[in-house]
Amino acid sequence: MNFSERMYLPAIFQGLSITMRHFFKKKATIKYPEETRPMSAVWRGLHVLKRDEQGRERCTACGLCAVACPAEAITMVAGERKRGEEGLYREEKYAVSYEINMLRCIFCGLCEEACPKAAIFLQNDKTAPARYERDEFIYGKDRLVEPMPTSAPN
Amino acid sequence: MELTLLLIKAAIIFAIFGITLLIATYSTYAERKVAAFIQDRVGPNRAGPFGLAQPLADAVKLFFKEEFVPANANKFLFVAGPSLAMLTACMASAVIPFGNTLIIGDMVIPLQAIEVNIGILYIFGVVALGVYGIMIGGWASNNKFSLLGAIRAASQNISYELAMGMSIIALLLLSGTLSMRGIAEQQGADLFGISGFNWNIFYQPVGFIIFITCAFAETNRVPFDLPECETELIGGYHTEYSSMGMGLYLFAEYVNIFVASAVMSTLYFGGYNFPFMYDLGLPHNVVTILGTVALFGKIFFFIFFFMWVRWTLPRFRYDQLMNLGWKILIPLSILNVILTAGAILLKEEYFR
Numbered sequence: 001m002n003f004s005e006r007m008y009l010p011a012i013f014q015g016l017s018i019t020m021r022h023f024f025k026k027k028a029t030i031k032y033p034e035e036t037r038p039m040s041a042v043w044r045g046l047h048v049l050k051r052d053e054q055g056r057e058r059c060t061a062c063g064l065c066a067v068a069c070p071a072e073a074i075t076m077v078a079g080e081r082k083r084g085e086e087g088l089y090r091e092e093k094y095a096v097s098y099e100i101n102m103l104r105c106i107f108c109g110l111c112e113e114a115c116p117k118a119a120i121f122l123q124n125d126k127t128a129p130a131r132y133e134r135d136e137f138i139y140g141k142d143r144l145v146e147p148m149p150t151s152a153p154n
Numbered sequence: 001m002e003l004t005l006l007l008i009k010a011a012i013i014f015a016i017f018g019i020t021l022l023i024a025t026y027s028t029y030a031e032r033k034v035a036a037f038i039q040d041r042v043g044p045n046r047a048g049p050f051g052l053a054q055p056l057a058d059a060v061k062l063f064f065k066e067e068f069v070p071a072n073a074n075k076f077l078f079v080a081g082p083s084l085a086m087l088t089a090c091m092a093s094a095v096i097p098f099g100n101t102l103i104i105g106d107m108v109i110p111l112q113a114i115e116v117n118i119g120i121l122y123i124f125g126v127v128a129l130g131v132y133g134i135m136i137g138g139w140a141s142n143n144k145f146s147l148l149g150a151i152r153a154a155s156q157n158i159s160y161e162l163a164m165g166m167s168i169i170a171l172l173l174l175s176g177t178l179s180m181r182g183i184a185e186q187q188g189a190d191l192f193g194i195s196g197f198n199w200n201i202f203y204q205p206v207g208f209i210i211f212i213t214c215a216f217a218e219t220n221r222v223p224f225d226l227p228e229c230e231t232e233l234i235g236g237y238h239t240e241y242s243s244m245g246m247g248l249y250l251f252a253e254y255v256n257i258f259v260a261s262a263v264m265s266t267l268y269f270g271g272y273n274f275p276f277m278y279d280l281g282l283p284h285n286v287v288t289i290l291g292t293v294a295l296f297g298k299i300f301f302f303i304f305f306f307m308w309v310r311w312t313l314p315r316f317r318y319d320q321l322m323n324l325g326w327k328i329l330i331p332l333s334i335l336n337v338i339l340t341a342g343a344i345l346l347k348e349e350y351f352r
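Protein sequence lines correspond, in order, to chains A and B. Residue 143 in the numbering used here sits at position 143 of the first sequence, with consecutive numbering throughout. Residue 287 in the numbering used here sits at position 287 of the second sequence, with consecutive numbering throughout.
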């Protein structure tokens, strides 16, 4: 070591200048509850079962999504539409129950691609929320079906 | 008249005590903010606006934690340790002149708790007692890691006290007085035609570097925080402490930082003097108040400097610490004393 290196002080001042520059740098932090990170355009979030323009459920319980699902997270029970239920379901066949196990789902989006009726979508603005119990992760129709539009078209 | 004077003194003492505690409290917040900014983070911002209530939240947390005393600890000394550390830390600010005099009517009030003509000796005495708090706390814990931390603290403080004392002796040769107020007043003289700029840093730069290095060691701050080195000694002398006992130790450290910053500002950076202070043509009392503001500005800079260094430099190894203290700082400070004395003699002989 030469004399200036053995003095330590030049090195200390160099270090101090480096930390001082960081003091004024822009912070990388995103203050989460107030700010959210912008999601990627192709990001896949929580599933939704869509209704058509008349407020009827699009799903016909064909089971293609369950077949396409590599994680086997989707189960459904099909039923026949009764007289008088034409306003609720679009086709004669509909899903009596439709469950997605969020513990198994890998959010691959293959169900969305497989659906012939454009019924299931992975929303790009909603994350699957954290829950406390395992059985709360099995999402039934009550959580999946899109709510009725407030002003239903006649 | 006597009573008013006493009341004013009491008010000043309470004010200084309160300010000391307030600054120490907010130093803990500032420390976290400075750390965050240097590491490109945001730091505490949940409690109150900008996280300003964070020290309050920390205090509440510490008070409500369980006060735990180890089974084989010496109970009396275990409690006495942190109390002593806090007591000695708070005592030292008594002789620091926080401003020039205020003149109200025919009364002259110096902004200082106690004016004694042995100010520096008093500070050194009290600061040297501070190590007892750490020593007693580490010993009373009945834990070998705490004891090791306490021994380290004691030997480190003794080693650096010597170099610190020598660097002060060079300063005293220049000033010719031990009174803190006297030293501060001398620095209000002219230098290069600028009034209030006759600061000792221009005469004693080496002495200042030695002093600030020793001040870091005395306050147990990084890079000299070996007594509480968690990788080697768990937590050092305060391993066994919980709740407010621990809180007092940490708080005493911040009070010590405040006192060290105040002493450095007073001894080397002109105290309450600031450049052009007598050229502004302002009344005496206004200049005094501006001087107090200037002194606190200097103190805050040094507190910030302590934190800045903490988040820059890594910790010393123990043998490096001892080498620096005994083989470099003490010889250097003795050399500084000799050179200063020689310069004073030369000046008296040839440049009168």
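Just so you know, these hints were derived from the structure itself, not from any lab. Glycine residues also receive a C-beta, built at the ideal position from the N, C-alpha and C atoms. Some clues are possibly wrong.
[Claimed, not checked] Label-pair restraints from in silico Cβ distances:
1) K65(B) / W43(A): 38 to 46 Å
2) K65(B) / G140(A): 40 to 48 Å
3) R315(B) / M20(A): 29 to 37 Å
4) F68(B) / Q14(A): 30 to 38 Å
5) Y132(A) / I13(B): 52 to 60 Å
6) L110(A) / E67(B): 33 to 41 Å
7) G105(B) / I30(A): 55 to 63 Å
8) N45(B) / V77(A): 44 to 52 Å
9) I194(B) / L9(A): 32 to 40 Å
10) I138(A) / S83(B): 37 to 45 Å
11) M20(A) / I8(B): 26 to 34 Å
12) N74(B) / M20(A): 29 to 37 Å
13) F107(A) / E67(B): 47 to 55 Å
14) Y318(B) / R104(A): 20 to 28 Å
[Stated by the list, open to error] Using 27 Å as the maximum straight-line C-alpha spacing, the simulated DSSO-like pairs for lysine-lysine come out as follows:
15) K93(A) / K50(A)
16) K141(A) / K31(A)
17) K75(B) / K65(B)
18) K93(A) / K82(A)
19) K126(A) / K141(A)
20) K61(B) / K75(B)
21) K27(A) / K65(B)
22) K298(B) / K25(A)
23) K27(A) / K50(A)
24) K298(B) / K33(B)
25) K75(B) / K25(A)
26) K50(A) / K117(A)
27) K31(A) / K61(B)
28) K75(B) / K144(B)
29) K141(A) / K50(A)
30) K82(A) / K117(A)
31) K26(A) / K33(B)
32) K33(B) / K31(A)
[Said to hold, decoys possible] Computed far set for chain B versus chain A, every beta-carbon distance over 10 Å:
33) E2
34) R41
35) I103
36) G105
37) L290
38) W308
39) L313
Evaluated hints:
no.: 1; hint: K65(B) / W43(A): 38 to 46 Å; result: holds, 43 Å
no.: 2; hint: K65(B) / G140(A): 40 to 48 Å; result: holds, 45 Å
no.: 3; hint: R315(B) / M20(A): 29 to 37 Å; result: violated, 20 Å
no.: 4; hint: F68(B) / Q14(A): 30 to 38 Å; result: violated, 44 Å
no.: 5; hint: Y132(A) / I13(B): 52 to 60 Å; result: holds, 56 Å
no.: 6; hint: L110(A) / E67(B): 33 to 41 Å; result: violated, 59 Å
no.: 7; hint: G105(B) / I30(A): 55 to 63 Å; result: holds, 59 Å
no.: 8; hint: N45(B) / V77(A): 44 to 52 Å; result: holds, 50 Å
no.: 9; hint: I194(B) / L9(A): 32 to 40 Å; result: violated, 27 Å
no.: 10; hint: I138(A) / S83(B): 37 to 45 Å; result: violated, 58 Å
no.: 11; hint: M20(A) / I8(B): 26 to 34 Å; result: violated, 42 Å
no.: 12; hint: N74(B) / M20(A): 29 to 37 Å; result: violated, 46 Å
no.: 13; hint: F107(A) / E67(B): 47 to 55 Å; result: holds, 49 Å
no.: 14; hint: Y318(B) / R104(A): 20 to 28 Å; result: violated, 55 Å
no.: 15; hint: K93(A) / K50(A); result: holds, 16 Å
no.: 16; hint: K141(A) / K31(A); result: violated, 34 Å
no.: 17; hint: K75(B) / K65(B); result: holds, 18 Å
no.: 18; hint: K93(A) / K82(A); result: holds, 9 Å
no.: 19; hint: K126(A) / K141(A); result: holds, 17 Å
no.: 20; hint: K61(B) / K75(B); result: holds, 23 Å
no.: 21; hint: K27(A) / K65(B); result: violated, 33 Å
no.: 22; hint: K298(B) / K25(A); result: holds, 25 Å
no.: 23; hint: K27(A) / K50(A); result: violated, 40 Å
no.: 24; hint: K298(B) / K33(B); result: holds, 19 Å
no.: 25; hint: K75(B) / K25(A); result: violated, 49 Å
no.: 26; hint: K50(A) / K117(A); result: holds, 10 Å
no.: 27; hint: K31(A) / K61(B); result: holds, 24 Å
no.: 28; hint: K75(B) / K144(B); result: holds, 17 Å
no.: 29; hint: K141(A) / K50(A); result: holds, 11 Å
no.: 30; hint: K82(A) / K117(A); result: holds, 20 Å
no.: 31; hint: K26(A) / K33(B); result: holds, 14 Å
no.: 32; hint: K33(B) / K31(A); result: holds, 15 Å
no.: 33; hint: E2; result: holds, 51 Å
no.: 34; hint: R41; result: violated, 6 Å
no.: 35; hint: I103; result: holds, 41 Å
no.: 36; hint: G105; result: holds, 47 Å
no.: 37; hint: L290; result: holds, 28 Å
no.: 38; hint: W308; result: violated, 6 Å
no.: 39; hint: L313; result: violated, 6 Å
Hint check: violations occur at hints 3, 4, 6, 9, 10, 11, 12, 14, 16, 21, 23, 25, 34, 38 and 39; the rest are consistent with the structure.
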